[in-house]
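A.B. asks: One-letter residues, chain by chain:
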Amino acid sequence: MKKFLAFVNKEIHHIFRDKRTLLLLFCMPIVLVILFGFAITTEIQDAKIVILDKSNDPATREIKNKILSSGYFKLKRVLTSERALEQAFQEGDTKLAIVFEENFYQHLEKHNMATVQVIADATEPNTASTLTNYISAILRDYQQTRQVTGVMPLQIQTETRMLYNPRLEGAYYFVPGVITVILLLVSAMMTSVTIAREKEFGNMEILLVSPLHPIAIILGKAIPYVSIALINALTVLYIGYAIFDMPLTGNLGLLLLECLLFISTSLSLGILISTVTDTQQTALLASMLGLMMPSVLLSGFIFPIESMPTVLQWISNIIPSKWFIIISKDIMLKGAGMATIWQETLILAGTTVLLILASVAKFKIRLE
Amino acid sequence: MIQVAHIVKSYESTKALQDISFDVVQGQLFGLIGPDGAGKTTLFRILTTLLLPDEGQARVGEWDIRKDYKKIRKQVGYMPGRFSLYQDLTVEENLSFFATIFGTTIRESYHLIKDIYVQIEPFKDRRAGALSGGMKQKLALCCALVHSPQVLFLDEPTTGVDPVSRKEFWDMLKNLKRAGITILVSTPFMDEASRCEQIALLQKGKVLAIDTPKGIRKSFSKPLWSVNSNTDMYQLLQDLNRYDRTASAFTFGESVHYTDRQEEGISEALRQYLAQQGHREVRIQPLEASIEDRFMELMSREDEP
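Those protein sequence lines, which keep their order, are chains C and B. Heads up: the first sequence runs through residues 218 to 585, numbered per this note's numbering. Heads up: the second sequence runs through residues -8 to 296, numbered per this note's numbering.
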């Protein structure tokens, strides 16, 4: 045990001596989460919109004025038929379409009720939801001014439809996603690279010719990174909470336990990579291509899994990040407990055991 | 203490070791002498259980390198050819790390490493990467010794080290030998071979000869001559190689080491020949063969079909 601790201690020395890596380890999560956060939730100005006004009466004209003078929107063109809508969205730069129903003003006067349809291009879900929120706010504002001047309380119904991504998933996607990528980066990539470093510099040669058990060498390398990964996860959670008002509806303890599970999965992946690579370069490339890319692209972090081709959906099942993103989203955003996420947890745990068994089988007690 | 019997090891197409056998007795300072690519490092890795031989047997102490690798790893000290300590740890941190993983402390084995450690102690807070070549080797030796191993494997410990440090290093090995440690050391430098008690000459994965340094020198088969002239060495060597009585001619620093095909009248005939070729101030002196001479002789014999 004393030997093992000496090894862990040595590893911590390595980490703290290497200032650049240290900076990277602790700043990267902060930079990533802020970058993703702001890239997704920035305020939008001059979003191009199209308007199909089937009534063109005093009420719609006033509402149009309000919308266009708000500063958020810029009129691209006025449409004359429903058919032109699809065409406008296909052009790509149209973010939103507003459709006033026929006889808008009359409906408003007679039934105190009229309908505006707001259609948003939700390929960028956050932009879409921000824009529709702006429109809804403007319409509410209009209602209130009418109420002051008008006789009866009146209602304008907004029908919002999200095109291309109807469920609008992604609003808070980035926090669980960033945590996943960071845990994977720190645990899998750093572990595989530092084990490869021992091989590259020939340190492994003397470590093997010592009473240290090879498993102790690997674990000793991994443990400091577990703590760093946990600290990083907490940092990201805190920033998500403090800067982006991300809700944490579930149990923090459960979330951290699941983080620990995912860290173990990542570590075993990193160890597996290190058993088959001999240099830091190849270890880095292998973790980048083999872990980071699929985790970013196929886990549902950036692109929704539902909209992928069937083959990719199928592949996404073997990516541990996918399951962890589901787990962390469920806990953070839906407040789910173990009852909801036991399946995903089981999958992660099973993967970890398999990976560890594979690494032990592949681990070389000799040089070749 | 070390028994090597018919070890064969190949890497894909190249045969790194071909039927290597030798014994090292307890407390001996045994040298493996050979140029780069002779198979020295492979042999070290096999004996330190880092590689498995394709064929043959080897024992370190009473342990088999295949079956008892764990026991061997506890009992030997190994210093690889490449500097393998942690460059970003200080001298002291490196040493205490290796002491701890072998279950000991610097203090416990201080008597063993004292002579060497005092030389690097002034730099104990310096990072290992910032040490000079000689200092690095001394530190590596300390780390390999810190657990009082029974056998010490030193793979080219003096490569990349200045001549003064090299001499110091060999003096240290002599002291360690006194402490009863069996030492297997490899070197490409023939002049260092004479500091071993027993040496094996290694070339292209084969043992050319095993003997004491003295025995190796004595086994040189012919009278050896040192030849000089006022012309440049290259010209002299060319002319000697064209001479019909030449058995062998190799440049050695400032002179050519020469052997003749005949037994008698060597220097007179040679002097006459060289004078004909236009060499002036020719000096021909009898010479006692060095280990390198014997090595070259054995090597050229190997090369013949």
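One or more of the hints may lead you astray.
Here are the computed distance ranges between Cβ atoms for each label pair [what the hints assert, rightly or not]: (1) C:Leu584 x B:Ser139: 17 to 27 Å; (2) C:Ile582 x B:Arg118: 22 to 32 Å; (3) B:Asp55 x C:Leu584: 17 to 27 Å; (4) B:Ser139 x C:Ile532: 47 to 57 Å; (5) C:Pro521 x B:Gly151: 53 to 63 Å; (6) C:Leu241 x B:Arg118: 45 to 55 Å; (7) C:Leu584 x B:Gln263: 56 to 66 Å; (8) B:Glu293 x C:Met218: 47 to 57 Å; (9) C:Met218 x B:Asn166: 32 to 42 Å; (10) B:Asn166 x C:Tyr455: 28 to 38 Å; (11) B:Arg118 x C:Leu474: 51 to 61 Å.
Worth flagging that the hints you see were computed from the coordinates, not collected in a lab. Backbone N, C-alpha and C define an ideal beta-carbon position, used for all residues, glycine too.
A.B. asks: If a hint holds in the structure, say so; if it does not, say that too.
C.D. replies: Hint check:
At about 25 Å, the CB distance of Leu584 (chain C) to Ser139 (chain B) agrees with the hint of 17 to 27 Å. With their beta carbons about 30 Å apart, Ile582 (chain C) and Arg118 (chain B) fall inside the hinted range of 22 to 32 Å. Under the hint 17 to 27 Å, the C-beta atoms of Asp55 (chain B) and Leu584 (chain C), about 18 Å apart, fit the expected range. Taking the beta carbon of each, Ser139 (chain B) and Ile532 (chain C) are about 55 Å apart, inside 47 to 57 Å as hinted.
Between Pro521 (chain C) and Gly151 (chain B) the beta carbon distance is about 58 Å. The supplied range of 53 to 63 Å therefore holds. Here the CB-CB span from Leu241 (chain C) to Arg118 (chain B) is close to 21 Å, at odds with the stated 45 to 55 Å. The hint said 56 to 66 Å for the Cβ distance between Leu584 (chain C) and Gln263 (chain B), and at roughly 58 Å that hint holds. Taking the beta carbon of each, Glu293 (chain B) and Met218 (chain C) are about 53 Å apart, inside 47 to 57 Å as hinted.
Roughly 35 Å separates the CB atoms of Met218 (chain C) and Asn166 (chain B), a value that falls within the hinted 32 to 42 Å. Judged by the Cβ atoms, the range 28 to 38 Å given for Asn166 (chain B) and Tyr455 (chain C) is violated: they are separated by roughly 59 Å. Checked against the hint of 51 to 61 Å, the C-beta distance between Arg118 (chain B) and Leu474 (chain C) comes to roughly 39 Å, which is inconsistent with it.
In this structure, the earlier hints numbered 6, 10 and 11 are contradicted, and the remaining ones agree with it.
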